[in-house]
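**Student:** Protein chains in written order, with the working numbering: chain A, 34 to 105; chain B, 365 to 525.
Don't take every hint at face value.
To be verified - Below, in silico cross-link-like pairs of lysine to aspartate or glutamate (EDC-like), each with a Cα-Cα straight-line distance of 20 Å or less: (1) B:Lys459 / A:Asp66; (2) B:Lys517 / B:Glu385; (3) B:Lys478 / A:Glu60; (4) B:Lys441 / B:Asp495; (5) B:Lys440 / B:Glu512; (6) A:Lys57 / B:Glu453; (7) B:Lys497 / B:Asp407; (8) B:Lys464 / A:Asp66; (9) B:Lys459 / A:Glu60; (10) A:Lys57 / B:Asp481; (11) B:Lys497 / B:Glu385; (12) B:Lys440 / B:Asp495; (13) B:Lys484 / A:Glu60; (14) B:Lys384 / B:Glu514; (15) A:Lys57 / B:Asp457; (16) B:Lys484 / B:Glu385.
Unchecked claim - Chain A is nowhere near these chain B residues, computed Cβ spacing over 12 Å in every case: (17) Asp434; (18) Glu511; (19) Lys516; (20) Gln525.
To be verified - Ranges between beta-carbon positions, derived for each pair: (21) A:Met34 / B:Leu386: 40 to 50 Å; (22) A:Arg73 / B:Lys516: 35 to 45 Å; (23) B:Lys521 / A:Ser77: 42 to 52 Å; (24) B:Gln486 / A:Tyr80: 33 to 43 Å.
Hints are computed from structural coordinates only; laboratory data are not their basis.
Yeah, the Cβ is synthetic: ideal placement off N, Cα and C, and Gly gets one too.
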Amino acid sequence: MKQAVILLMLIFSTGCSSWKPWVKPYERGNLADPVMAFDRDPVSTKYLHHVYDAREAARGADGSAGGGCGCG
Amino acid sequence: MKYLLFCLTGLLMSLSLHAKELSGPAPDFTLTDLEGKKVRLADLKGQVVMINFWASWCGPCRQEMPLLNDIYANYKKAGFVLLGVNVDESVADAKGFLAKTPVNFPVLHDGNGKVADLYKNQAMPSSFFVDRKGNLAYLHQGYRPGEENEYKKVIKKLLAQ
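Chain B extracted, bound-state conformation:
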């Protein structure tokens, strides 16, 4: 009984955790951005990469978009790249949203969810942080106001490595 309770508590704790430490090489992918330019993750080795899965129908994703833009502007020069991976089925939805909320970081289109599948994406939005060596370092699931500070903390830590 005690063991069961322990397990249950553990399970609940793991569910409530929004940030996870990851390890191992980040799965490589190539996607085209909204301008038609191909972007490959392996080419960004040596830089800290944040892969943010988002969609125009996802409320929290829309909320964090301008904040992500600020983060990108702040850390770009220090060797930080933000890849917004859009999983909208039609590109027009993404473009419509970005027309109202413009961002400066590259937005890649993953209409059939192949890359989201590759990363075993469990929540929207999800942000994967890749260190300079091309290894996965952190995963942040979901977004609530104020959590952009956690992004900044992680990015600073990875940039210092």
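So here's chain A without its partners, still in its complex pose:
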């Protein structure tokens, strides 16, 4: 148990200082690729989402900022 704690502490103390899979701001080329976007056309998605909100009376209930109160 004690050894495990020491091992964990060692990992915590050394691991974070050189955390390797950290994407730096200048390495985000692949993340910024259009392929990585949730939708192809954000404007059209926004419109369709508005239609959905209005038709289903679901405004704010599906993950928009502000929770389900409909005031976000």
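Based on these hints, arrange chain B on the given structure of chain A.
**Tutor:** Here is chain B on its own, set in the frame of chain A:
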């Protein structure tokens, strides 16, 4: 509690700051530009140098490119050099963008991010300003419309030194 609040406010303030004053010698580097010519920072001593890290996938960088070109044209004669350090993994991306938005300042390719790493680049775009003595003077992170005026202010100040 008060101390904690103070610290938090300080932290938030430092995060919202987009321009920082720097000091100490600018780390030297040699990169090849898109035409294959080698450019070394140390060779530009005596001139005010703006090192702008950009990439073709970075929206604000694309936005400021034509403005940077204007700034370069305006201050070139006064002893100002602008180095655009492109961090695109493939040069073709940079060339494709520059074909549509041509610029006159030297664009250097830093495909593996070595120089960006050397400068501990924290944001895209980032602009480092180097004074005539080869020391770092300012760092500007990010770009929002209108911030080119801050660039001009800094460049004028450094040129007057």
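**Student:** With reference to the structure, classify each hint as holding or not holding.
**Tutor:** Against the structure, the hints:
1. Between the alpha carbons of B:Lys459 and A:Asp66 the distance comes to roughly 17 Å, so the proposed pair stays at or under 20 Å and holds.
2. With a C-alpha separation of about 13 Å, the suggested pairing of B:Lys517 with B:Glu385 holds against the 20 Å cut-off.
3. Of the pairs offered as hints, the one joining B:Lys478 and A:Glu60 holds, with about 11 Å between alpha carbons and a cut-off of 20 Å not exceeded.
4. A threshold of 20 Å between alpha carbons decides the hint, and for B:Lys441 with B:Asp495 the separation of about 16 Å falls inside it, so the pair holds.
5. The suggested pairing of B:Lys440 with B:Glu512 holds, with an alpha-carbon distance near 16 Å, which does not exceed 20 Å.
6. For the hint linking A:Lys57 to B:Glu453, the alpha-carbon distance of about 13 Å falls within 20 Å, and the restraint holds.
7. For the suggested pair B:Lys497 and B:Asp407, the alpha carbons sit about 11 Å apart, so the restraint of at most 20 Å is met.
8. Between B:Lys464 and A:Asp66, the direct Cα distance comes to roughly 19 Å. Compliance with the 20 Å bound is thereby established for this hinted pair.
9. About 18 Å separates the Cα atoms of B:Lys459 and A:Glu60, which keeps this hinted pair within 20 Å; it holds.
10. Restraint check: the Cα-Cα separation between A:Lys57 and B:Asp481 comes to about 9 Å, which is no more than 20 Å; the hinted pair holds.
11. Only pairs whose Cα atoms come within 20 Å are accepted, and B:Lys497 paired with B:Glu385 is accepted, the gap being roughly 16 Å.
12. Restraint check: the Cα-Cα separation between B:Lys440 and B:Asp495 comes to about 14 Å, which is no more than 20 Å; the hinted pair holds.
13. Between the alpha carbons of B:Lys484 and A:Glu60 the distance comes to roughly 12 Å, so the proposed pair stays at or under 20 Å and holds.
14. Restraint check for B:Lys384 and B:Glu514: satisfied, since their Cα atoms lie roughly 12 Å apart, inside the 20 Å limit.
15. Simply put, A:Lys57 and B:Asp457 have alpha-carbon atoms about 19 Å apart, close enough for the 20 Å limit, and the pair holds.
16. A C-alpha spacing of about 15 Å is found between B:Lys484 and B:Glu385, which places the hinted pair at or below 20 Å, so the restraint holds.
17. The Cβ of B:Asp434 lies farther than 12 Å from every Cβ of chain A, with a closest approach of about 24 Å, so its non-interface assignment holds.
18. With a least beta-carbon separation of about 17 Å from chain A, B:Glu511 lies farther than 12 Å from that chain, consistent with its non-interface assignment.
19. For B:Lys516, the condition that its CB be more than 12 Å from all CB atoms of chain A holds, with the nearest at approximately 24 Å.
20. Remark: the non-interface label on B:Gln525 is consistent with the geometry, its nearest Cβ contact in chain A lying 29 Å away (cut-off 12 Å).
21. Checked against the given bound of 40 to 50 Å, the beta carbons of A:Met34 and B:Leu386, roughly 48 Å apart, stay inside it.
22. As the Cβ distance of A:Arg73 to B:Lys516 is approximately 38 Å, the hint placing it in 35 to 45 Å holds.
23. Between B:Lys521 and A:Ser77 the C-beta distance comes to about 47 Å, which sits within the given range of 42 to 52 Å.
24. Distance hint for B:Gln486 and A:Tyr80: a CB-CB separation of about 36 Å, consistent with the stated range 33 to 43 Å.
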